[in-house]
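2 protein chains.
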Amino acid sequence: MLKAPDHQVAGHEAGLGKLGPLIDDSGRFYKPLQGDNRGSEEVAFYESFSSNTHIPEHIRKYFPMYYGTKIMKASTGVEHPHMVLQDLTSARVNPSVMDIKIGSRTWAPDASEAYIAKCLKKDRESTSIPLGFRLSGLQVYIDDESRFYKPDRNYIRKTGPDDVRLLLRKFVSSNPSADMEIGTGSGPGPDCSLASSVYGGPNGILAQLLELKAWFEDQTIYHFYACSFLFVYEKRLGLKGAWSNAEVKLIDFAHVTDANGVIDHNFLGGLCSLTKFISDILSEIEDCTGTNGQVEL
Amino acid sequence: MLKAPDHQVAGHEAGLGKLGPLIDDSGRFYKPLQGDNRGSEEVAFYESFSSNTHIPEHIRKYFPMYYGTKIMKASTGVEHPHMVLQDLTSARVNPSVMDIKIGSRTWAPDASEAYIAKCLKKDRESTSIPLGFRLSGLQVYIDDESRFYKPDRNYIRKTGPDDVRLLLRKFVSSNPSADMEIGTGSGPGPDCSLASSVYGGPNGILAQLLELKAWFEDQTIYHFYACSFLFVYEKRLGLKGAWSNAEVKLIDFAHVTDANGVIDHNFLGGLCSLTKFISDILSEIEDCTGTNGQVEL
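Going down the list, the protein sequences come from chains A and B. For reference, each letter of the first sequence is one residue, going 55 to 351 in our numbering. For reference, each letter of the second sequence is one residue, going 55 to 351 in our numbering.
Among the hints, a few may not be true.
Note that the list lumps identical chains together, so a pair holds whenever it fits in one copy or between two copies.
Result set (DMTMM-like, lysine to aspartate or glutamate): computed pairs, CA atoms no more than 25 Å apart in a straight line [stated by the list, open to error]:
| hint | residue 1 | residue 2 |
| --- | --- | --- |
| 1 | 303 | 271 |
| 2 | 176 | 245 |
| 3 | 176 | 338 |
| 4 | 115 | 217 |
| 5 | 267 | 338 |
| 6 | 212 | 78 |
| 7 | 212 | 164 |
| 8 | 175 | 60 |
| 9 | 124 | 245 |
| 10 | 127 | 265 |
| 11 | 212 | 312 |
| 12 | 172 | 334 |
| 13 | 172 | 206 |
| 14 | 175 | 164 |
The set of hints was computed from the structure by calculation and includes no laboratory data.
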């Protein structure tokens, strides 16, 4: 019954002799505990978060459900401990998915010198330092024939600020393969035809990000280093003009630390930057078409 | 007519053979251009900012007035170019002053490797990394006899998160020399008697920080690295329960860069963190005394 997830866009992948996540057909996602403490740190976070009574209910929905840990046959064929989580794409037929790592700094202050040096290098080489976030992967559903636009990991690893701007547009376009030089405006660019239903509206991604922002301006419980947003929506629903079923989730908690009474200014900065990118797309749409997909800021 | 400023709490000080700022009796502050491009970078910022028509008027008031540059006899006795700025404490008799450097990162992405390494070390050793800001200096007026509480620079350099929390309270206390172990609540701590009039209220420091925050959530003109807030107030006015005349100004623009269409997530994160520290102080006051110095958040 277990298999590798169909819609994984980033992170370790299950394969021949390779440890990666598995899913079953009941909507559960089995994430193998990573070595060097990361697995146990992530379990510790989920246990703490599940039992923390200071997390408001309207915030809890942005986190995957957690069902404990289980020792089971891993993708490598041998027994290994796994976290049992909610499969965030199980209810979707052809989900468009984007994974965005938040924060200009992906290392916690108490990390080792070697780990800090490694992260700082990646943060500087990616858009984490200039933008406060970086893309880790995405897939955009096109149609039943072409299936998905899914740029390869080597391309994703090298994306600069202009690429990120373009990919945030492609994510909500019916022609995500269309390329356009940013700035020149030449050529048929991504049409952003789903922007107002996916990013905009009272239940869209921007509204969800703003709800999280309000919490991050106040919460002094956790600092989330190297944590990602997962954006998921179903094109079929978006195109009908109906509720796009766009969802924002937070994932990857191997580097969460105690906040010690201080807000997570590193995460909040990245969240505000991403929010601005998305509201800029909605403003442009509005300027062009007169439609109003944007929520009140 | 020129002399060293009376109320400087951080930065280079004019002295025998030492280059430092000077003031005159007409309310002007003469800042010598620093070497290694920093001086010319700061002049470039002031020139750009003065002529930029996209800066809203209600934001312009948070920046010192700029009157150009002037070659004049420096504190060292020899001719040197200076920026001519507004003296931010000239209208004050006994100003309480605090200088807070904003941002967990004080280096711009395009800085040299050597400069980045130097800044990163300071950011990690200070509270910049954990809190998103660090204290650079302060003086708190006590009375005409005791004059000022002004911790020395060696102490300021070593302040940790708990010290910062304490000093933010001392800054608005009539007994700033009183010490208290944070957390134990033992001993007579700083009384925070001026908190509601200096930090709180419709014209207080918190309200000003929130006005700046709204701009920083949107502005994609400049990134302000290693820039400071200067908080200034006059105790005489605060104690009478009148308008405290508390002012927030931004200073030190030697490391401002073009924003390239991205918000200054590094500055914004630090600003939000500082805002939370100050609103926490106001909440505690309110809990204790029932007075309401806090503005609507």
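Each hint, compared with the structure:
no.: 1; hint: 303 - 271; in the structure: both (18 Å within a copy, 22 Å between copies)
no.: 2; hint: 176 - 245; in the structure: neither (32 Å within a copy, 46 Å between copies)
no.: 3; hint: 176 - 338; in the structure: neither (31 Å within a copy, 41 Å between copies)
no.: 4; hint: 115 - 217; in the structure: neither (30 Å within a copy, 37 Å between copies)
no.: 5; hint: 267 - 338; in the structure: both (22 Å within a copy, 23 Å between copies)
no.: 6; hint: 212 - 78; in the structure: neither (33 Å within a copy, 53 Å between copies)
no.: 7; hint: 212 - 164; in the structure: between (28 Å within a copy, 18 Å between copies)
no.: 8; hint: 175 - 60; in the structure: neither (31 Å within a copy, 44 Å between copies)
no.: 9; hint: 124 - 245; in the structure: neither (45 Å within a copy, 53 Å between copies)
no.: 10; hint: 127 - 265; in the structure: neither (39 Å within a copy, 56 Å between copies)
no.: 11; hint: 212 - 312; in the structure: between (32 Å within a copy, 22 Å between copies)
no.: 12; hint: 172 - 334; in the structure: neither (32 Å within a copy, 36 Å between copies)
no.: 13; hint: 172 - 206; in the structure: within (23 Å within a copy, 37 Å between copies)
no.: 14; hint: 175 - 164; in the structure: both (17 Å within a copy, 14 Å between copies)
Of the hints listed earlier, those the structure fails to meet are numbers 2, 3, 4, 6, 8, 9, 10, 12, in rising order.
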